[in-house]
Amino acid sequence: MTTKLVGAKVQRVEDQRFLRGQGRYVDDIDVHAGTPTLHAAVLRSPHAHARVRDIDVEAVLDVEGVHAVWTYQDLADLSVNLADPLPLLIPHPALTHGRTQYALAKDEVNYVGEAVAFVVADDRYLAEDAVDRIRVDYEPLPPVVGIDAARAAEHLVHEDVPGNVGARLEQEVGDARAAIADAPHRLSLDLTVERSASTPLEGRGVVARWDPDIGRLQVWTSTQTSTGVRAAVAVKLGLDLGQVDVITPDVGGGFGVKINHPWPEELLVPAAARALGRTVKFTEDRREHFISAAHERGQVHHVEVGFDDDGRLLGLDVTFWHDHGAYTPYGLIVPIITSTQLLGPYKPQSYRVVFESLYTNTVMVTPYRGAGRPQGCFVMERTMDAIAAHLHKDRTEVRATNFIQPDEFPYDQGLVFQDGRELEYDSGDYPRSLEMIKRLVGWDEFEAFRAEMAAEGRRVGIGLACYVEGTGVGPYEGAHVHIETTGKVKVATGLTTQGQGHATVFAQLVADELGVPMTDVEVVTGDTRRMPYAVGTFASRSAVMSGSAVHLAAKRAKEKVLRIASDALEADVDDLEIVEGVVSVKGSPGASIDLGTVAVLSNPLRYAFDEKSRAATQFTVGDPGKPPVAEDDEPGLEGKDFYSPERSTFASGMHAVIVETDPDTAEVRILKYAVVHDCGNLINPMIVEGQIHGGIAQGVGGALYERMAYDEHGQLLNASFMDFLMPYVTEVPDTIEIDHLETPSPLNPIGVKGAGEAGVIPSAAVFAAAIEDAEAHDHPGLAITGMPISPSELFALRQAQEPLLKQHEEDA
Amino acid sequence: MKPAPFAYLRPRTLEEALEALAANEGAKVLAGGQSLVPLLSMRLAAPGMLVDINALPDLGAITVADDGVRVGALARHAAVLADEGARRVQPLLGKALRHVAHPTIRNRGTTVGSIVHADGAAELPAVLRLLDGWVEVASVAGRRTIPAAELFVGPLESSLRHDEIAVSATFPGLRAAEGVAFDEVARRHGDYAMCGVAALVRTEGKQVVAARAAYLSVEDVPTVVDLTAALADGVDTASLAAAGELALAHLEPVADLHASAAYRAQLVRVLTRRVVEAAHADALTRQGVAA
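In order, the protein sequences belong to chains R and H. Going by the working numbering, the residue at position 589 of the first sequence is 589; the numbering climbs one at a time, nothing skipped. Just remember that the working numbering sits 1000 ahead of the position in the second sequence, which is counted from 1.
I should point out that these hints are in silico values taken from the structure, not numbers from a laboratory. By construction, the Cβ of each residue, glycine as well, lies at the ideal position given by its N, Cα and C atoms. It cannot be assumed that every hint is accurate.
Claimed, not checked - Chain R regions said to be covered by chain H (calculated; three or more residues, Cβ under 8 Å): (1) 29–38; (2) 125–131; (3) 223–231; (4) 789–799.
Unchecked claim - Only some residues are given here: those of chain R computed to face chain H with a beta carbon under 7 Å: (5) 451; (6) 711; (7) 718.
To be verified - Per label pair, the in silico range of CB-to-CB distance: (8) 414/R <-> 1098/H: 23 to 33 Å; (9) 1159/H <-> 796/R: 32 to 42 Å; (10) 804/R <-> 1255/H: 42 to 52 Å; (11) 780/R <-> 1285/H: 34 to 44 Å; (12) 64/R <-> 1026/H: 43 to 53 Å; (13) 720/R <-> 1098/H: 20 to 30 Å; (14) 533/R <-> 1098/H: 48 to 58 Å; (15) 663/R <-> 1189/H: 18 to 28 Å; (16) 125/R <-> 1058/H: 46 to 56 Å; (17) 1038/H <-> 414/R: 51 to 61 Å.
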């Protein structure tokens, strides 16, 4: 037998290409057919809220090199459906007041950055010059910025949405309010998480080409769902699905923002390509990404909790307000995830959660890695820390008291999850995870370390946080495996790739199943020409969904290989094995046939092209008494299958961090970061660890650096990488200690759970806990209730404690 | 993020460059481009003409004499930082330049360009100001010298006229019995500081006879405060704290996205203490006096 690849730290097949600068992104696409590609630019609203009285494009019309200037008025002429609002992708009964924007603003703009006019010119310089010459007469309206203003509803974002409330959703298990009222201990907390964003290094981009001779549109776009974009483009441009190909080349990061679709540009660029008969390209710039893509995370929570002397949760009642920005194209996914995943590994005896999803005149909110979970985790874990402090108990003890136990799986939390299915955990071992993380971070030895540091005048603190992540949501993914007559294997799956290493892990699965070397397996993703049925890459679903589909498709191909080989070798299927691409009879190495020859035999030929194909021609093979292709068979050595799970599979993990806070400057230094992670069976531990590293880097950003600084007028003050502080490599921990726990998922054939988002989920929680712990000695009342936290803010929290401390000293 | 149209001139002689500037009021000088090019790309600046001085001869020289370092207009930060003579004659150059952005930016950005860009958050303007250096500027009308004290007049505003090119900056050398130090606190490695301090201390024996500190990123322009009075009776915890308070009496810290005014004031206290103490120790070390 060859060594199993699944489970091994196989090097990524993508990296040679990426590290040598040979990645091919949308902006690298150059498909001009005779005439050079045209370039698009968008005029964006400078106001957070305004009526559009008039748009004067006169000054642009005669500019040489400008090919098109469009406003809302032009859309219906391009395609009737293009004048409708953009799709509301995920409707929900509770989303009673869902609103989406138009491809170009109709009468009103609702955030700074909303698309108002679209220009196509010879190059991007000219297009931007032209944009500068468009005159728009705006009537400014009062903007609604921030959750407080949205709740106050002194002004409305959309005049037909009362109270700025897009949705209100309540779920309850048991009677939480009664349980809290009767509980021996009660606490209430007010907690805040600010806005941040995915900020992939490659922004959005679209290239489109229309072939008038065959009436076919080709679109290249930097998306997390090529099939979604394809369907949207077809509908909006009035084309049949068969007329549209969407191809997703290398994508320089998505992190969630590229799952939203179609962006206005994803429709306008194809429309322009068709109208002008030219290839058209749009590559957004960084400022555009900040002000016209999507953000996430902004929520305010109020928690009421009742518990017993052990810290056992008797009742948990959470009300929160979710800032969804100006529009709701992605429905209620983010707040639903927050409201359900907040529970993490715990089993409160009763739970009630209510959220209101609110409109504000800011960039809309769609999922960003973690998708509502970091907020839920922050709230739950801050609550756990508060309970432990209240009872003077070890923080890990209170958590352990509330864990779902290993013998309680499957565990139904009694709620409805983001996919409309039960929130039922499939497997896990939380007590064991806790034991592992405590050992890894040195939880029990920490007080000795703290004393040692204190002797040097240094302040250190430790924090720990637990999470559970529902991964691998449906509805389905598919895969196609094709063994060529060369013996090489071509694999296609429809979801897209943003650098995760799909080409490696899917090849590992196929190589193991088919018994071929990994170098013979080539994986294609996100090309609707190769796999037209797919959903997309989000919700940590690729390994679970496409991984399972690829495994099943390879299995089907293998069945056919063995059937044909057993005929050729005159041996029983059960006696065959495939090693290094050769099928042989176990125990008799002479009797063998390579996969390429099996592929030749699978496809009866009339014509021979080479020595190999001669073996499959009509005078060489086949029973003259039977049809060359049997009635229940088809030519070719292929396997195609789909995987569609009943429900999500629940990964879990725990993070712990030790930080040092500077007594003078309030700067935070990370001394140690430890992770215990359970995503079921590991296909490739190196890739999982890479996902964790990347997630933690983003988590450090979310906890200590990144925020969207809107002023009261709705202007985003830090819409550049100079002032939006994405951490550099110098700001993230040098080493991250990781331990894996593998509790396989019973829900899919390969026993895996998702790993893509885990690294970012507990960051805010774990840093808040550690910083608070570091401060506890000198500022005992200092509570961290909002994230992110900057040195300036930590300093302000210390200052707020000073009068209290002074009072305390005087009293003493 | 594409610049608005502009005319581009790459003169071969200083005279040609100066004539172009004199003839075009909206013209801007392009040297390292590390500040100007982003401003152009974001269309926050739209000069009608760029006069690219990178082809001018002799402007890249770093001239080291015992009494100072003269840095030519085209000398890159990285070249000044790598110049051992410059670091010896004025150690503060090396100490401060390490904090200027990242290596890739230091490879292109020019020291003189950073000074005349007059960013109150930049390191080099504060250093020039502390050392009482000067820039030499040229125009079709001739040459003049602008002392650092008269150079920085407002946020991103220097006292150069639009038709002038700064051809060099001169940093006086460290004198006997002097010590220098630099430190700053930034949000991320290589970012503009939220507060930075450069200090110069002169001693007689262990006694401080002069102490001055330049503050960057505290106000819109680099500001120098004389701290001698606070340190006259010795350098200890109390006098260093007093030096910080003395500095704050002369400063009005600004607030921005990254730091409140109160936090900046705290950084002024902390960095004054750390940097003045280090400059004092530097002065003593140079004289072979134990601290």
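Hint check:
no. : hint                         : verdict
1   : 29–38                        : violated (count 0)
2   : 125–131                      : holds (count 3)
3   : 223–231                      : violated (count 0)
4   : 789–799                      : holds (count 6)
5   : 451                          : violated (24 Å)
6   : 711                          : violated (10 Å)
7   : 718                          : holds (6 Å)
8   : 414/R <-> 1098/H: 23 to 33 Å : violated (58 Å)
9   : 1159/H <-> 796/R: 32 to 42 Å : holds (37 Å)
10  : 804/R <-> 1255/H: 42 to 52 Å : violated (24 Å)
11  : 780/R <-> 1285/H: 34 to 44 Å : holds (41 Å)
12  : 64/R <-> 1026/H: 43 to 53 Å  : violated (23 Å)
13  : 720/R <-> 1098/H: 20 to 30 Å : holds (25 Å)
14  : 533/R <-> 1098/H: 48 to 58 Å : holds (56 Å)
15  : 663/R <-> 1189/H: 18 to 28 Å : holds (21 Å)
16  : 125/R <-> 1058/H: 46 to 56 Å : violated (34 Å)
17  : 1038/H <-> 414/R: 51 to 61 Å : holds (54 Å)
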